[in-house]
Amino acid sequence: MKKNILCLGWCLMFSYALCAPFLSQSGNEVEDWNPFMALGDYRIGHELQFERSNPSTELHRQEYTNMAREHSRLHRARLEREKGKNMLHERFKASEILGPLNEELEYKAHSSSVFSELVQRFVDLFTDAEKMRKLLALCKSAKTQSEGIKPIVRDLQKLVTEHQFEAYLFHRGSRFEYIVFTALEYLQGEDLNVYDRLWTLSILRILQSLLPRGYLEPIRQDPNTGRVCRGGLELFLTEGIDLVKDLSQGRKDSFTPDESVAEALKRVELISNIRNHLQDSQRGHQTPGFIAIHDKLLLTRSLSNGGVVESLALQALQHMNAKDTPDEEIHCLDLILNHLQKFYPAVREIIFSLPSTSKPSQVIQERFKCQAVLQPHIELYLEKGDIDPYIKSLLLPFLGRHSVNLDDVKNLLHSCNVHDSALQDLKVQSHGTDVTKEEQYHRDQDFFIDMMYKVSPYLEGLQDHLDSLVKKGCKPSHFYLTPKTTPHNTDYLSVILFFNKWLIEVFPEL
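Those letters in the sequence shown? Residues -19 to -1, 1 to 491, per mature numbering (1 follows the signal peptide of the UniProt record, and there is no 0), in order.
Heads up, some of the hints might be wrong.
Just the calculated beta-carbon pair ranges, DEER-fashion [unchecked claim]:
(1) LEU377 / ILE78: 48 to 54 Å
(2) GLN356 / SER449: 32 to 38 Å
(3) ILE311 / SER334: 19 to 25 Å
(4) LYS89 / ALA118: 43 to 49 Å
(5) GLN299 / GLU111: 27 to 33 Å
(6) ALA118 / SER396: 48 to 54 Å
(7) THR206 / GLU44: 24 to 30 Å
(8) ARG114 / ALA327: 27 to 33 Å
(9) LYS74 / LYS247: 25 to 31 Å
(10) THR206 / HIS395: 47 to 53 Å
(11) ASP261 / LEU377: 41 to 47 Å
(12) SER396 / LYS139: 18 to 24 Å
Simulated from the structure, these hints should not be mistaken for lab results. All C-beta atoms in this analysis are idealised placements derived from N, C-alpha and C, irrespective of residue type, glycine included.
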């Protein structure tokens, strides 16, 4: 045993003696920075170390230097891509803003068993081809030329024809994920026409049905499980509805979706508008009653099931009648009731069956009666297309309003009167010397005033105001506004005419 230990000691001493010169030499030298070692590519790094220690390969140093630079460039590019991926995910997370107002609400968790996931993967193997066919069909049949759609169509066609849902597509930063996020960002826009919105939702629905797969998970759609983006909420509310069938019907410019689809899209728009209004009001918190109404509107996929819509309408009416309801909540409740009575006849019956003994009930009923009288006439009138742009600008607010009040009508009548007076004082016509356009202006003005007479029974004080301002012409349907005194200031009057000219130039389609 002692002999073995002694032999081992002599071997260690002999080994140290052989290695000492080399160790001291390497310790005294300053080692060059090896970019491959620094970047983590140890295989190439060790090769370069060996080549540098071998004088016979000195001629290849330039080649390895170039390799080092290329490796460094690729590493920087990889970092930039990672940064881009993170920014894309951050933008998406920032769009997930639609959620319950109740901060104490416990979100539900959707869980699935391992067995059900395996079954789903097995089914996907047989349905991928059908999904690819649907995606290509949507791309080829797109009736839109919208700029926001073009990159989605281009990338989608390339994805399906070249990659065909290969496994490497399902990771962060892939073309697949990029298309999903691009579509979701496009849906955030408030000015999309219905056709473009449904086309994008149809694409998203198919892409979402391919997930989870690889490293990608589907986006959150159910607001019961957490905050969602606008596109996610639209997918949730239209689940089970065949959007592709709707797209195949009619042209883009005259496209009318199914009633249930229209309700879902308008409800998302309503929820988004309510959120924006509450933010602008700068009120720190909402009342419990309003929170319950808002969250039911958001979290319930179908309002027509189980008397949900009737219950929601009654809650809204009761909260409007409460003495301590803030003004901004009354405004939002007006929007909600207007949406419900537009799509659900039962709500209309509830509103007009309210006992009219209380003042709040009377006010609510008069608001909706007024709107019910105005909107059909105005919509029908605007359909003819050839309308004076100034008069159209006076009519449009009534289409978007949830209710009409006396001050709104007085302001519009005053604006119309000032416009007439300015034109008369300057002795020019609103459309130059074109007699046809002058006649059109007065004809459209007559229609506007006639609409104000139609709503006067529902707005206390409007009839008296109209009587003092308007006089009948020689024709039964022609009205004259009593001239108002306007400042004899050329600059002031020029502003009135410039506004009318600006409407014509900026909105030639009006």
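THR206 versus HIS395 beta-carbon gap, inside 47 to 53 Å or not: The hinted range 47 to 53 Å holds for THR206 and HIS395, with Cβ atoms some 51 Å apart.
Status of the given 43 to 49 Å range, CB of ALA118 versus CB of LYS89: Taking Cβ atoms as reference, LYS89 and ALA118 lie about 35 Å apart, which means the hint is violated.
Range hint 18 to 24 Å (beta carbons of SER396 and LYS139) holds or violated: violated (53 Å)
Beta-carbon spacing of GLN356 to SER449 - inside the hinted bounds 32 to 38 Å or not: violated (27 Å)
Outcome for the supplied range 19 to 25 Å, where the beta carbon pair is ILE311 and SER334: holds (21 Å)
Outcome for the supplied range 27 to 33 Å, where the beta carbon pair is GLN299 and GLU111: violated (49 Å)
CB-CB spacing for ALA327 and ARG114 relative to the 27 to 33 Å hint: violated (41 Å)
Verdict for THR206, GLU44 (Cβ pair) under range 24 to 30 Å: violated (56 Å)
Hint check for LEU377 and ASP261 - Cβ pair distance inside 41 to 47 Å: Since ASP261 and LEU377 have Cβ atoms about 21 Å apart, the given range 41 to 47 Å is violated.
Satisfaction of the hinted span 48 to 54 Å by the C-beta atoms belonging to ALA118 and SER396: holds (50 Å)
Whether the CB-CB distance between LYS74 and LYS247 falls inside 25 to 31 Å: holds (26 Å)
C-beta pair LEU377, ILE78: status relative to the range 48 to 54 Å that was hinted: violated (28 Å)
In terms of the numbered hints stated before, the structure departs from hints 1, 2, 4, 5, 7, 8, 11, 12, listed from lowest to highest.
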